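**Student:** For reference, the chains in residue letters:
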Amino acid sequence: MTMAAEPLIRLAGVGKVYGNGTLALNGFELTVGRAEFLCLLGASGCGKTTVLRLIAGLGSVSQGRIDWPDGAAPGTAPAGRADIGFVFQEPTLMPWASAFDNVYLPLKLRGISRAAARERVEAMLERVGLAPFANVYPRELSGGMKMRVSIARALITEPSLLLMDEPFAALDEITRGRLNDDLLGLWRGKGWTVLFVTHSVYESVYLATRIAVMCPRPGRIVADLPIEAPYPRREAFRTSTRYNDYCRQVSAALHRAMGEPGP
Amino acid sequence: MNGLGVALRITLPLAVGALFLGLWELLVWHYQIPRFVLPAPSLIGRSLVDDFWSLLPSLLLTLKITLMAFALAVLGGVAMAILFSQSRLVELALFPYAVILQVTPVVSIAPLVIIWVGFDNVELALLILAWIVAFFPIVASTTLGLRSADHNLLSLFDLYGATRWQIVTQLQLPAALPYLLSGMRISGGLALIGAVVAEFVAGSGAATGLAWRIIESGNRLNIPRMFAALLLLSAMGIVIFLLLRGLEHLLLRRWHESAVSREL
Ligand SMILES: Nc1ncnc2c1ncn2[C@@H]1O[C@H](COP(=O)(O)OP(=O)(O)O)[C@@H](O)[C@H]1O
Ligand SMILES: [Mg+2]
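The listed protein sequences derive, respectively, from chains A and B. According to the numbering used here, the first sequence is numbered sequentially starting from 1. According to the numbering used here, the second sequence is numbered sequentially starting from 1.
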């Protein structure tokens with residue numbers, strides 16, 4: 001189903017060797033379709049962050065190529081990259097700036113005045129549930145709230161592609177579940193594409209339209225599984241047999257990728 | 001901190017000071033120590049009042065040199081650190097000279113600088129010498145601070161196509177602020193030390209700052225005035241320190257761990 005979606009990015013035979021000789025990726029093949037919620041699943045150190053950074057144009061590809069079938073390739077023109085939002089594993093906020101100013105940053109860097117951006121930033125804070133905290137500094141926010149600011153900052157430019165690098169890994173179970181639901185709510189029907197990195201099987205099945213499993217370094221995709229469950233997905237989905245079947249299936253694929261016998 | 005703690009923090013040192021001065025007064029009176037060896041605190045106090053108007057111009061001169069040297073050190077130091085952060089090559093080429101300037105005792109360069117600048121221009125010589133001592137802590141701390149900006153934030157600025165200048169002003173300088181402020185606290189004290197040392201070396205009435213008044217009073221065995229001038233110098237150092245501490249608190253209290261009050 002989702003494979004039929006019109007492709008947004010195509011990574012073909014991508015290899016990445018770091019300056020110190022580490023071969024992080026080798027023969028990495030992946031096509032991300034428009035409006036997909038694609039989860040990249042793999043053990044730590046297998047090159048997931050590397051993939052996101054290459055797609056964002058933050059680093060050069062050593063081998064192969066990254067194509068944007070329509071539209072400017074990021075990295076070639078700064079204007080092309082502006083279409084990408086990036087959420088890191090840590091909230092990565094500027095500690096000296098309020099929640100408002102952190103979300104305003106991408107617009108500010110583009111020369112949009114504070115007054116002109118005010119309404120947009122406030123609406124975005126509202127959407128992530130942080131309207132009353134606009135003037136609060138990061139150190140006074142909880143981990144989950146900081147992550148919401150980080151997501152709001154990534155969405156403020158209305159990017160067509162959102163890259164998320166294990167954004168909820170450091171959060172507690174309850175906060176993580178709530179942010180998963182809120183993220184799906186933001187994504188649904190908006191037409192943007194999400195590439196979401198995680199090492200949690202359960203999180204990936206809950207969120208994704210499709211899961212790509214990576215093998216250990218040098219990383220490449222070894223399994224590609226569509227998750228065919230309707231949205232909105234809610235708590236009930238977590239206890240359904242379909243969810244459990246998918247989890248078992250994805251977990252087995254992950255174990256095979258690690259070169260271990262299945263569970 | 002609770003009320004008792006604050007009260008203790010103020011009253012305790014005051015009590016110790018009062019006790020010390022009292023003992024000093026008593027000893028001078030009891031052993032009839034001559035005033036040119038050790039004047040009693042009361043005499044120093046009187047000298048401070050009587051000589052105040054004659055010491056004031058000297059105080060202002062030393063203050064002027066210190067503040068100008070400090071301001072130029074901050075401006076020059078930050079500018080140089082930004083230059084270093086932009087070009088590794090420039091840093092490699094120039095940083096050793098900043099270190100050499102720093103490790104060479106200022107007393108030993110002072111005579112040279114004074115000769116070069118000329119005795120009729122002694123204030124400029126003092127300014128240069130005070131600047132040399134005050135400069136390094138600013139360069140070193142700001143350079144470190146500019147480099148300490150979060151690497152992922154730097155990636156984010158890249159992603160949004162930020163210019164070099166935007167990265168400097170909106171990411172690196174704010175990240176460097178706590179480092180710069182702690183460098184300033186050290187540099188402020190050093191500027192005063194540099195000014196005083198330079199005056200000592202210039203000597204012989206060429207410069208008429210507080211340091212010169214200390215030498216002059218010593219030569220005339222006017223020890224109470226010597227103490228009075230010394231007292232003014234330390235007061236100046238303390239005021240500079242407190243002002244910089246206040247500035248640090250004002251600028252960092254909202255966001256930096258070093259300045260926010262801890263609430264349990
Ligand atoms: N800047 C770098 N220089 C050298 N090696 C790196 C660098 N970044 C990542 N690596 C190495 O590349 C491999 C993949 O890293 P990464 O993409 O961060 O993995 P993941 O995100 O899946 O944990 C790891 O072995 C890591 O040590
Ligand atoms: Mg990673």
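In short, the hints are calculated from the structure, not lab data. Just so we're clear, the structure is a prediction, and the values are computed from it rather than from any experiment. Positions of the beta carbon are idealized from the N, C-alpha and C atoms, including for glycine. Careful: at least some of the hints might be erroneous.
[As the list claims (entries may be wrong)] Heads up, simulated SDA-like pairs for lysine to any residue below, C-alpha to C-alpha not over 20 Å straight-line:
{"id": "1", "chain 1": "B", "residue 1": "K64", "chain 2": "B", "residue 2": "L173"}
{"id": "2", "chain 1": "A", "residue 1": "K108", "chain 2": "B", "residue 2": "I167"}
{"id": "3", "chain 1": "A", "residue 1": "K108", "chain 2": "B", "residue 2": "V239"}
{"id": "4", "chain 1": "A", "residue 1": "K108", "chain 2": "A", "residue 2": "P95"}
{"id": "5", "chain 1": "A", "residue 1": "K108", "chain 2": "B", "residue 2": "Q166"}
{"id": "6", "chain 1": "B", "residue 1": "K64", "chain 2": "B", "residue 2": "L124"}
{"id": "7", "chain 1": "A", "residue 1": "K108", "chain 2": "B", "residue 2": "V197"}
{"id": "8", "chain 1": "B", "residue 1": "K64", "chain 2": "B", "residue 2": "D150"}
{"id": "9", "chain 1": "A", "residue 1": "K108", "chain 2": "B", "residue 2": "F119"}
{"id": "10", "chain 1": "A", "residue 1": "K108", "chain 2": "B", "residue 2": "L154"}
{"id": "11", "chain 1": "A", "residue 1": "K108", "chain 2": "B", "residue 2": "D150"}
[Claimed, not checked] Listing some non-contacts, in silico: residues in chain A with all C-beta distances to chain B over 12 Å:
{"id": "12", "residue": "A12"}
{"id": "13", "residue": "A43"}
{"id": "14", "residue": "K108"}
{"id": "15", "residue": "P218"}
**Student:** Now look at each hint and say whether the structure bears it out.
**Tutor:** Taking the hints in turn, this is what the structure says about them:
no.: 1; hint: B/K64 with B/L173; verdict: violated (28 Å)
no.: 2; hint: A/K108 with B/I167; verdict: holds (12 Å)
no.: 3; hint: A/K108 with B/V239; verdict: violated (39 Å)
no.: 4; hint: A/K108 with A/P95; verdict: holds (17 Å)
no.: 5; hint: A/K108 with B/Q166; verdict: holds (10 Å)
no.: 6; hint: B/K64 with B/L124; verdict: holds (11 Å)
no.: 7; hint: A/K108 with B/V197; verdict: violated (48 Å)
no.: 8; hint: B/K64 with B/D150; verdict: violated (38 Å)
no.: 9; hint: A/K108 with B/F119; verdict: violated (53 Å)
no.: 10; hint: A/K108 with B/L154; verdict: holds (15 Å)
no.: 11; hint: A/K108 with B/D150; verdict: holds (19 Å)
no.: 12; hint: A12; verdict: holds (23 Å)
no.: 13; hint: A43; verdict: holds (22 Å)
no.: 14; hint: K108; verdict: violated (8 Å)
no.: 15; hint: P218; verdict: holds (22 Å)
Checked against the numbered hints listed earlier, the structure breaks hints 1, 3, 7, 8, 9, 14; every other hint is satisfied.
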